[in-house]
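Here are the chains, one letter per residue:
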Amino acid sequence: MSSHLSELDLVMMADGELPARRKAEADAHLASCWSCRERVASLEATITGFVRARNLELNEQLPSAAGPRALLRARLEEAARERVPFSIGRLAGAGAVFAGVCLLALVIFGTTVNAEGPKPKFGITPGETHPITIAEVCRNPEAVVVARDIPEETRRKVFAAYGIRSPGRDQFEVDYLITPDLGGTESIRNLWPEPYSARWNARVKDKLEQRLHQLVCSGKLDLATAQHDIAVDWIGAYKRYVGTEASR
Amino acid sequence: MAADKPNSLTGFSFARAEAAAMRPSRLEDEVVALFDQLRAPVLRYLLSFGIALADAEEIVQEVFMALFQHLRQKKSRANLQGWVFRVAHNFALKHRLKSRRQAERFSYVPDLSATTEDRGPDPEESVAASQRQQRLLSVVRALPEQDQCCLSLRAEGLRYREIAEVLGISLGSVAASLEKSLSRLTRAEQI
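Chains R and P, in that order, give the protein sequences.
Residues in the first sequence are numbered from 383 upward in steps of one, following my numbering.
Residues in the second sequence are numbered from 49 upward in steps of one, following my numbering.
Just so you know, the hints here were simulated from the structure itself, not pulled from any lab data.
Among the hints, a few may not be true.
[What the hints assert, rightly or not] If you only want the chain R side, here are some residues facing chain P, beta carbon under 7 Å, derived:
no., residue
1, Glu389
2, Leu390
3, Met394
4, Met395
5, Glu399
6, Gly431
7, Phe432
8, Val433
9, Ala435
10, Arg436
11, Leu440
12, Leu454
13, Ala461
[Claimed, not checked] A few chain R residues that don't get close to chain P, going by computed Cβ distances all over 12 Å:
no., residue
14, His386
15, Ala410
16, Gln592
17, Gly601
18, Tyr623
[Claimed, not checked] With a Cα cut of at most 25 Å, we get these calculated SDA-like pairs of lysine to any residue:
no., chain 1, residue 1, chain 2, residue 2
19, P, Lys122, R, Glu460
20, P, Lys228, R, Ala406
21, R, Lys405, R, Ile429
22, R, Lys405, P, Asp84
23, P, Lys228, R, Ser385
24, P, Lys142, R, Arg537
25, P, Lys142, R, Pro523
26, R, Lys405, P, Ile217
27, P, Lys142, R, Lys405
28, P, Lys122, P, Arg183
29, R, Lys501, P, Met113
30, P, Lys228, R, Glu555
31, P, Lys228, R, Leu390
32, R, Lys405, P, Ser221
By construction, the Cβ of each residue, glycine as well, lies at the ideal position given by its N, Cα and C atoms.
Whole structure, please, built from the sequences with the hints as guidance.
Written out as structure tokens, the structure is:
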């Protein structure tokens, strides 16, 4: 290679992307050309300067990974308990007849599950409380069930977290898992989309919240247990504290 | 994280109690190991996309949840790093479409003046270094979006073929983009 290396050759060479034959020619040229070696050095200095400036700026913004890792771990555990999502690739491998049977079963089973209504997912909505005293909980004679205004941005995040696109206002209530009357926060970790149409819906949960408020304020149930039970399995809590079936 | 703090009155932490009761399985461990390896590079890429840190963290979570489902369904394990960046890039594009405010800015170069003070023992050297960094990053900020993406992905260690797959462009376009960007940066260095 007698002529000087092009800028593209230099960049690809610096990145180890030149094809072997061309690289051999470039190496031979560099061995005899001080000018191109100076250009290589200049390019390396530019890359070093850019990477240093970029990392200096961005690395300072990165918080510790501990919290996000713990959240991811919890979400993965939750996801692992769920069924493997529908996969076109796997379905194709299994054969069309088998796929049809599976799909039918999935539709039937899925419908049955949906009739109960989706439950809050632990990885997304584990429940979150702020410190609150019994006196504060019991300031009102009964739980306030009027839905508080949840910011639109928060609502969008909740729907996005649950993979719900274009939700209608009359379809879901973005509801507190642990009601604010029992110390629940307005964090998305305490909010989830609760369908009005399901048997176990937002209005049914309101009854449970009233009942728990009543039990806590009458001293028959401690606040921590109430918070725990409604967060871990609110339907189970309803059956235990209100009755065995949902009544609207 | 607030949810991991016990309620100071009840002493109860839902997240911690539930997490303690859970035993990790192999696939989850593998995804968490990949998260440990790739979180910082992906976060840096998303920040360079002009996405706010809190939103970038959420996107990273979604990327690794998607990776878990990808692996769970026995899909291809070839080049998982490239796969992670490609999904992160697509999430970033969707995020930006949703947010007009973020769509209007594409820069990972906020004001460096506040962060580069007092770094070196010599104030003059420190100022000179800071000015050099600002000059370089302002050149990057002026580049077309695709060139910024190429440069950022290359800075995170992706090969040309991987960058081409992430951005959906040809190998030649990646090489040409990097050549153009580095030429501009070199010229800025020589001023």
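Run the structure past the numbered hints and jot down the numbers of the failing ones, going up. When the structure is compared with the hints, numbers 4, 22, 25, 27, 28, 30 turn out to be violated.
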